[in-house]
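Protein sequence lines correspond, in order, to chains A and B. Per our numbering, the very first residue in the first sequence carries number 1; after that it's consecutive. Per our numbering, the very first residue in the second sequence carries number 1; after that it's consecutive.
Certain hints may be false.
To be verified - Listed next, the in silico SDA-like pairs over lysine to any residue satisfying Cα-Cα at most 25 angstroms (straight line):
id : chain 1 : residue 1 : chain 2 : residue 2
1  : B       : Lys465    : A       : Tyr490
2  : B       : Lys518    : A       : Tyr490
3  : A       : Lys55     : B       : Pro116
4  : A       : Lys529    : A       : Lys465
5  : A       : Lys290    : B       : Glu514
What the hints contain is simulated information worked out from the structure, not anything from laboratory work.
2 protein chains.
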Amino acid sequence: MKIAVCQINSVIGDIEGNFKKIKNFYEKALQFRVDLCVFPELSLLGYNPQDLLEKKEFRRKCFDYNEKLAQISREVPLLFGSIMEENDEIGIHLYNCAFVARDGKIEYAYKKVLLPYYDVFDEVRYFKSGKENSLYEFNYKKIGISICEDIWNDKDYFKMRRYHADPIEEQIKNGAELLINISASPYYYGKRPERMELLRLISKKSGAPLVYCSLVGANVDLIFDGGSMCIDKFGEIVKACKFYDEDFIIFDTDETSNQEIIIERTFEEEIYEAICFGVKQYAKQTGFSKAVLGLSGGIDSAVVCCIAANVFGKENVMPVLLPSMYSSKGSVDDAIKLCENLGLKFNIIQITDSYYEIIKSLKPIFKNLPEDTTEENIQSRIRGLILMAISNKFNAMLLSCGNKSELAVGYATLYGDMCGALEPIGDVYKTDVYRLANYINRKEEIIPKEILVKAPSAELKPGQKDQDTLPDYEILDKILKLYIEKNLDYKDIVEIIGDSELAKKILSMIDAYEFKRKQAPPVLKVSPKAFGTGRRFSMISQWRKNSFT
Amino acid sequence: MKIAVCQINSVIGDIEGNFKKIKNFYEKALQFRVDLCVFPELSLLGYNPQDLLEKKEFRRKCFDYNEKLAQISREVPLLFGSIMEENDEIGIHLYNCAFVARDGKIEYAYKKVLLPYYDVFDEVRYFKSGKENSLYEFNYKKIGISICEDIWNDKDYFKMRRYHADPIEEQIKNGAELLINISASPYYYGKRPERMELLRLISKKSGAPLVYCSLVGANVDLIFDGGSMCIDKFGEIVKACKFYDEDFIIFDTDETSNQEIIIERTFEEEIYEAICFGVKQYAKQTGFSKAVLGLSGGIDSAVVCCIAANVFGKENVMPVLLPSMYSSKGSVDDAIKLCENLGLKFNIIQITDSYYEIIKSLKPIFKNLPEDTTEENIQSRIRGLILMAISNKFNAMLLSCGNKSELAVGYATLYGDMCGALEPIGDVYKTDVYRLANYINRKEEIIPKEILVKAPSAELKPGQKDQDTLPDYEILDKILKLYIEKNLDYKDIVEIIGDSELAKKILSMIDAYEFKRKQAPPVLKVSPKAFGTGRRFSMISQWRKNSFT
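Please take these sequences and the hints and turn them into a complete structure.
Laid out in structure tokens, this is it:
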């Protein structure tokens, strides 16, 4: 059986556009005389349509286009992802479905059984769980069709499972000879080998070939990296789609693997690609062809600048140096050198005069009160203001250069360096930003080594260093990972790092700065737990008031 | 049977504090020799603890304090809200519970059955639904205990129900002689009469008295207005708790009503109180005792200023006038008059010099490009910057003065007038802001009538009026309500307002400015559908690209 795996980039809400894309790929598949043509989860709608699903006009349009897809279908089954409504005595229920269209009709529908509701997922908000699903029979073959999460509950793979039901186990028990899972699975580092091992295990133990067809694209903070896979009945990967691009492959289910397919890359390579792709998709879908960013001479903005040059092309990046009276000459020189290495035109705008003008206007209120972080924030906010002005004037996307460590402990100025449409490295710890920088420099020195070796500083007052108020980033990032990603208890963290006062301080900071993150730009998720929709804490929680006992 | 209804203000995460509060109220109840003492939903944790529930140390502390509450319990049953864990073959499940502690032990536990997952609710993210619940038998009486949403699925009240199960119907069928519902029910205008009618209907048709014990307080955007009720078996309200304050009442279940209890107020009165309460709670829990805001001379900032004076006291409000070269003399005079009427000290900071200094610094980049919204945004952002500086220096909470109509159509500057810890009237349409102003002026002119009669203007360029680019607020707000709250289709809206081009323009604007709302301050929810966590749309959705056909 020859299966066309169509890894497409569906755009949220663009039903016509997605329909055309599916139609084009399907017609191509027909030319290749395949037996079956497969598209990803919710391929007609894009993932995740969120509250659009609550709009009657949106749902109606989806149903209309389900019908249009049925109409274009010929003898080759067209398997796509969309939605279906059903009524019962209490009202209308929506299902996340895999449809098979053939010979002008929808001849089969599978309703997603396992609906994720953790981290960034809210599927229970929209969908009802499918309870009874049959196998799809075609060409004398029984095919087990499932959707994303449905395959992520294998009792041999997971020590702790989330759900009681296992639709795949059920399909295998009912005699499925081929498994097809259509997906929209958000990327994070470490998910690729996980995904591969799980899928290989399932095909191996069931003795059924497995087709995993996933969406590629990005929805603001979520990156769908592609990498669809076809696995033979021995659990070996026969073919895989590209990462970060639409792709079309044909898999003969009788084929077996004769080569090793490597889907894993180094951490640096993987997240660099993921971030570039995420920025590119965001810019494309919001119509930005230019980017602007502030270059401080530090490592974070240097890395973001390289990402921007990669994504937008050097003629479309506007780096701006915004020195104040506290900026070292080194910082300015380093930033200039970076621009030269990248071949970027840059601008320098001194913020000193504006700063003193603002300070002067505040004098009647501030009188002789001593300087504090207020004045530091003013500098950061003048920079934000100027960058936004350039963004507005030239319709350039402002990239915020903060990293995850800063966001975690509130080492950032709201409406200052936190201004931006997107925070590309907002899910990358400071220590990992250095790894990214070294990756960028792997062939030649693009980021000047001065930037790599100097002590991090916000340069908002004379002689300031990050480590005046924060511990070394190595230890800070260690604590952050344990608390944010591993979700460990305070006690366990103290046991690991051996410093209860430091743990107390850092954990308190993380919790205290929830209000800044609430108004932060979206960050591209590249870790299992990113700040944003997948992490939900109240800004006024009093939990840390006395929870260190 | 005498029941003490304890309407308390539990603080999220403050387990010790909430424990002490429950203990104090319980001891008071003991002195009154009641038979049963009732507390709201999740009274030990606060509502909503969100991802704190994913922390082992947090859950463990809850369990410890469940035990401590058991230990302080005497012969009078203590009914409180907390959580419980259960293990099965796939792992740990958490339940939202009503516990009865008595004589040193937990003697009964009810697990919430209906878990809301729409609008602002995400309970399915955290809790499993209780399936089998028995009645609580005490003093030869069968008591049906339930939690919030459990009572909101009555088939005689709702034409369209959300759930198949109806735990209350089940309890009545099983012979419940008394119904107790413990709640944490977020306020919006119109919910009070709904709630009252529903509860009255249920007690009337079951012939069982009903105690409705709800939380009072606010969690950032969500306001819990209190108003616990005791209803006799004929469906009449016997007693009710205060709104917006902790309260303690004793209800004798044999009592019947002999007076009419009015819980409804005018729209203006209700939402004015709700907003003041929301601001006050936010300030209290974040430690702000002062407020700062920018006074433009317009209606929005005037109303917010009155709210601030009410909440913080006149000596703790810092209104700042920030005129530019485009500010009319009238605006400044009107703002000053407002301050005088309220007895507030104010400051005036001219932003003109700062504006020209910023413009000068941008000249090398902007060259001779024509002025556009960039320059308007710069003015707004200088104001935001100065207000944030004052907020930082004096530790005063910055109130953002935007209304719902502006937020909807993006008529606001990100990092400019959108700066703030909270947007008190961000869920109030412009036309309703006028109603609030008239309510504030009901006894005497506090908001100068000049402010009430002049045409709304952002005053960011000469002679600018809101209605240069927006339709009249009457018609704008009508469209907004139909689209945002009623969730009507484009076609239906056109049918009602009779102007397809206008509908197209406004709907496109609402969808296009999702990115601004993503970084907006939290708004206090006073309508059934507020911007914020209860409304989830992707910033990059392409739905409106071609969905007007």
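Status of the hints after comparison with the structure:
Restraint check: the Cα-Cα separation between B/Lys465 and A/Tyr490 comes to about 55 angstroms, which exceeds 25 angstroms; the hinted pair is violated. At most 25 angstroms may separate the alpha-carbon atoms for a hinted pair to count; B/Lys518 and A/Tyr490 exceed this at roughly 31 angstroms. Distance check on the hinted pair: A/Lys55 and B/Pro116 sit about 19 angstroms apart at the alpha-carbon level, within 25 angstroms; holds. Among the hinted pairs, A/Lys529 with A/Lys465 is inconsistent with the structure: their alpha-carbon atoms are about 28 angstroms apart, more than 25 angstroms.
A threshold of 25 angstroms between alpha carbons decides the hint, and for A/Lys290 with B/Glu514 the separation of about 21 angstroms falls inside it, so the pair holds.
Comparing the model with each earlier hint shows violations of hints 1, 2, 4; every other hint is respected.
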